[in-house]
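If you're matching them up, the sequences are chains L and V in order.
Numbered according to this note's numbering, the first sequence terminates at residue 268, and the numbering increases by one at each position without gaps.
Numbered according to this note's numbering, the second sequence terminates at residue 268, and the numbering increases by one at each position without gaps.
Just so you know, these hints were derived from the structure itself, not from any lab.
Hints may contain errors.
Which copy is meant is left open, so a pair is good if it fits within one copy or across any two.
[Claimed, not checked] List of simulated lysine to any residue pairs, SDA-like, C-alpha gap at most 25 Å:
id : residue 1 : residue 2
1  : Lys208    : Pro251
2  : Lys114    : Thr176
3  : Lys208    : Gly218
4  : Lys114    : Phe164
5  : Lys6      : Met24
There are 2 protein chains.
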Amino acid sequence: MIRVRKWDGRLQEFDPDKLRRTLMRAGADRELADEVVHRVASMAYDGITTRELLEMALETLRSLERHDAAARYDLKRAIMRLGPTGYPFERYVAKILEAHGYRVLHVGHVFRGKCVDQEVDVALEVEGRRVMVECKFHNSRGIYTDLKPAMYTYARFLDLERYFDEPWLITNTRITEAARRYAQCVGLRVTWWDGPPGASLRELIDAKGLYPVTALQGPEGAIRTLVQAGIVTIDELSRKSERELERLGLPSETAEGLLEVARRISRE
Amino acid sequence: MIRVRKWDGRLQEFDPDKLRRTLMRAGADRELADEVVHRVASMAYDGITTRELLEMALETLRSLERHDAAARYDLKRAIMRLGPTGYPFERYVAKILEAHGYRVLHVGHVFRGKCVDQEVDVALEVEGRRVMVECKFHNSRGIYTDLKPAMYTYARFLDLERYFDEPWLITNTRITEAARRYAQCVGLRVTWWDGPPGASLRELIDAKGLYPVTALQGPEGAIRTLVQAGIVTIDELSRKSERELERLGLPSETAEGLLEVARRISRE
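The shape of chain L in the complex, shown without the other chains (with noise of 0.2 Å):
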């Protein structure tokens, strides 16, 4: 039996549920909290304190996330390392609707409206309809998008009318009570990080496992470069050769890392 040994000295028996809830509350899903209990169970000696217990699990935690796991674990905050500007962002949507059958036609077309030309983040097509994709993307967290964006995505449709049957705002952050109701009031679909249930943007993207390549733990300078080559998701990046790598600046070594992490995680 594994006793902890508790700041005041008294002895408590090790309780993997307790760990589970507070690496829980550090971040990480429960899959990832599990994988962490496991080891530190196998790794945790009779009479451990508290204080080691928790370096333990801390470090065990990071160990993993440095590995496949971290493609999963904060994928939001992944999704806003594909910033600063919004285009990234477009893309990887676009790859995700089409993994879900959508037809992607067009990604930052400039069509011509009724008034004036307007760019059109991802045009797409979906039994018979087309849709116009407004991408609002912000790279900090604890932002909501409001009323602005979903009026002005409204706008734009009522502009580009003539091309599209249906507008649609997705973001990466929360969206406020308000740019919802208003969405549903005038027919604007929207899909946020966490909402609608079922059909959430995080939801989209674990269904079919497109991480963001910024979900790798490699060298900032390498995943820039594969971003503003437009390679997006960890899924593209996997099917690229070394060569092509290379091509784009990245050192051998960087390059065959990278892809050896990526093959592993789109194996999964």
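Go by the hints and put chain V onto chain L.
Frame of chain L, contents of chain V only:
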């Protein structure tokens, strides 16, 4: 005769036009430049070097700017100092429009739209028509108001059509060509910093001499206090009593000084 010694030693007759052009390139308006040229001409001596002359002119410009002329000079920057939030700018716009014969009904009022509650910066009436004004404030230079504010203003108007006959977008910056074309196409009136010609924001202000309190060179903190208390024009300030300002927390001397300058400017 005053002759100016150029850098290569040659003498040249003092040219008031040339100095005026230099001052205007440095940002002075015609009136201020004239005043500086006048003063410099009375101080300059035969054989003065180009450099001395220029220093004398810039010194005079600075000293004049510190006084009354400041209110008219660099109005653009003064308006930007109304920030960081847009609310003082809304109040300021309301004051200007009021001076031009519009009846201001509300500033920052929330209307119940077809879809959602919408805050309208300035609601006004003119010749029996109700106008919804969106004030787009930016507090840094070099920014253009682009298509998005024009589009969401129009979308807001559509949501509030039962209350208003016309939407109007007023900004303290320049505006892109696309935003102007869009506005014209959907019937959105637009007023920006230097347009439309003859009715630009700058001209609306100049015509009534309604300068913002932030054009005063008083202590930064005191000016902030005035803005926060909703006193946004020098004209409003000039009609306050010293006691009213003291009640806002301004030291007696500051209040007295600000009132004196405000009243002098407002009498002009």
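Now the hints, each set against the structure:
{"no.": "1", "hint": "Lys208 with Pro251", "in the structure": "neither (30 Å within a copy, 66 Å between copies)"}
{"no.": "2", "hint": "Lys114 with Thr176", "in the structure": "between (30 Å within a copy, 18 Å between copies)"}
{"no.": "3", "hint": "Lys208 with Gly218", "in the structure": "within (22 Å within a copy, 61 Å between copies)"}
{"no.": "4", "hint": "Lys114 with Phe164", "in the structure": "both (13 Å within a copy, 24 Å between copies)"}
{"no.": "5", "hint": "Lys6 with Met24", "in the structure": "within (21 Å within a copy, 76 Å between copies)"}
The structure fails hint 1 only (numbered hints given earlier).
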